[in-house]
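**Student:** Sequence:
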Amino acid sequence: MFFMNYDFKKIEKKWQEQWAEAGIYAANDNSAKPKYYALIEFPYPSGDGLHVGHIRSTTAMDIISRKRRMEGYNVLFPIGWDAFGLPTENYAIKTGIQPAIVTRQNTDVFRKQLKALGFSFDWKREINTTDPNYYKWTQWMFLRFFEKGLAYKARMPINWCPKDKIGLANEEVVGGKCERCGTPVEQREREQWMLKITAYADKLLEGLKHVDFLPEIKRQQEHWIGRSEGFKIGFKLDGLGVLGTAVEIFTTRLDTIFGATFVAVSAETAKKWLEAGWESPDEIKKYIEQVLAERKNAGFEATEKSGIFSGVQAVNPVNGETVPVWITNYVLGGVGTGAVMGVPAHDERDFEFAKKYNLPIRAVVGPSSGLVFADRPFVQDGFLHHSGTFTGMSSAEAIPAISKALEARREVRYRLRDWVFSRQRYWGEPIPLIYCEKCGWIPVPEKDLPITLPEVKDYKPRDDGQSPLASVEEWVEVKCPKCGGLARRETDTMPNWAGSSWYFIGYLMTENLKSREPISEQIKSEEVQNKLKRWLPVDWYNGGMEHVTLHLLYSRFWNQFLHDEGLVPVSEPYRKRTAHGLILAAGGVKMSKSKGNVVRPDDLIAEFGADAMRVYEMFMGPFNQAIAWDEHGILGTYRFLERVFRLATQEKNPTTLQTELARLLELTVKKVGEDIESLSFNTAVSAMMILINKIQAAGGMPRDSWKTFLLILAPFAPHLTEELWEKFSGEGSVHLHPWPAFDEQALAAALVKIVVQINGKIKTRLSVPAGLVEAEITQLALADPVIVVQLKEATVRRIVFVPDRLINIVV
RNA sequence: GCCGAGGUGGCGGAAUGGCAGACGCAGUAGACUCAAAAUCUACCGAUCGCAAGGUCAUGAGGGUUCAAGUCCCUCCCUCGGCACCA
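Just so you know, the first sequence maps onto residues 596 to 1406 in our numbering.
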């Protein structure tokens, strides 16, 4: 061994080529080893190229994949492109260049950049959602939903920019205004394809119990689904004239019904009464119109509560009491029955309303100790008071009892809405349906899939809100597959979420995607089913917190459906899901092209190398927290790697290992292994830095110890460690060598430092053999000169002793 | 407004209730050098003190404890999510 420079450029290029040639990261479909499926959210290949945030999250999963390989797993760590979407389309609108060409250019750049970072992807399994071979399957799967009645057409409001005359995706609406021109966005009704995800609401909730997702991820999904169990109850009306029957209210808090002091109905409900012939003063009519108009315009923001007394009275069925009916703006027509019982003592909104209009507040539920109404509503469950025969019951007992007495109808409601699956856009999967005047909506026969995107001149959505595909007459006009008559293709395309809803399955059968065999036969074949059984579920899926509600829910739904169809062996696609923090631009704002603050990694990689870049991004801060980008620190990780290289290749490394260094090495092996599992990469790097600093001070380390160290550094800095491993004539690749075990016994130190406190303040430290008992330490502590001086005039009242750590003398 | 995460040196950040500031960046001094870079060594929260040492410090204020950045209560601020879901 002789001194040499850390020539990362040469080293990184050399090993990237050798790994590719040897195929050491390819997942094996026929291995006897246990499988491990590690997944990242596949990137959208934007024109900006890879940015520093991609590197952080991808390096993390790369580290986990590499560690698993070393632990003896057959690892699948795939990569692909989620390439349909607006930025590419907008670029095409501006330049007229075909989105397919832009996509190819962008993916070429991304692929090159990812390869330069040494990620251990199985590149043979690369997929692209815009590849007709891929979206043929997406279209086929959509038709399965259609055949099961889970895809349907409905009139839905879309965001419409009146100036640009186009429909906007939600992402293009910022604060109720068009992202490009700033014009306030209007809601327009349009026929849209919908997927009935609500049919899977309970299954999606139930499935969460069996997966290992971060608690906050589960909570967000639960909240998004928003299951609530309630009851519908009729309140008889008095004063609506001939209409005077009943108003139906919905509540989840039947136990508070004795506290109802009014009934609040939505403007929509009141309007229906008017249409049915209710005669009411102009004042009320005006108010109703005003609320409806406000709702249309505001849409997004909550307005101040208001209401008007309708003149109508309602009868509370539980006690026959008469309460006033108010028409309000805070009860929504589309939610529940569009009417609620107002219980100000036990509901924040009713309380606010009652305060404003001086309506009575009657508390009927409280903690067991007694019923105290403070200046805020009591919204928890409790015990009933002033509630007739139900007084004294707990909320949990009272709800079924009251519902039985009233014969109330129980109803389960969800916040979750069905998935709007249509986009009036070009750059997405065409929806493979044909409309025939005679036969209705007819699916495209499987032999005609994929329906590929036709070339168009202009990619801009049309003035009438239709997709540009509607202008391609020769594409739109087809024969009805059923009757042979003249029919028209659906011109809407699928949303971005479609292709990403099943891509983790796509990776498992990339060869089959290319095949011309019918999908319905292929997917049920033993060959494909065996692959799916081998790899599913994904063992660890990491991605952004921003995808935790939509993408994660959609893909779970999609997979559960395929499972119910008998096409996929597992009902939950992801066993474990974690999330990373965003990398923000300097100043803590999001990086975006429009702000011009996107940081590209290329220059830094050229200057410090891929390994230094990887280690730095892991070292920056806690992985699960957002962090502002600052490249100054990369010099520190470069110095660390350079130091590793220099010390490991120095002329003479000692042949024996000092006891303390040996112990530190064991500790570091343990800590790095544990920190990787808990995504604490920053402290793992720090631990390795501490070790290297100690090695520097000790003048070096024997070869075998170096090899152990290389093994734990390997997932972080794969090129450098592979190079040194070769120089140390290690067997094969460092990345396929077993992960080192650590010796618990070697971790124990012979000497420990004991902190001596007086009244909790540190006074001195004792260096003593490990394992001394309280009496021995007390004796030593009290004899210490510093302590003797401090205790001169005090009496010891108490001694607190923590073995091998601390003694506190209380005086 | 509600839910969640967070607030620690000049900066990024460490810390199973038990030595606050690990590790790194920036900075200061020294060694090496003709010199510089690189590297190595030491120092590096504030404050009082010649020093030994003391005092104050983890957003603010209370509390529990022998001991609190960590647990409890009240409040302030930042970020993310949701927006009247009955």
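Derived from the structure by calculation, the hints contain no laboratory data. There's no promise every hint is true.
With a straight-line cut-off of 30 Å between C-alpha atoms, the simulated BS3-like cross-links for lysine-lysine are [as the list claims (entries may be wrong)]:
id, residue 1, residue 2
1, K689, K628
2, K628, K1055
3, K791, K1185
4, K1126, K630
5, K791, K881
6, K758, K743
7, K731, K1348
8, K689, K1322
9, K1322, K1348
10, K707, K1266
11, K758, K748
12, K731, K1265
On a predicted model such as this, the values are computed, not experimentally measured, just so you know.
**Student:** Which of the listed hints are not met by the structure?
**Tutor:** Per hint list: 1, 2, 3, 5, 6, 7, 8, 9, 10 and 12 violated.
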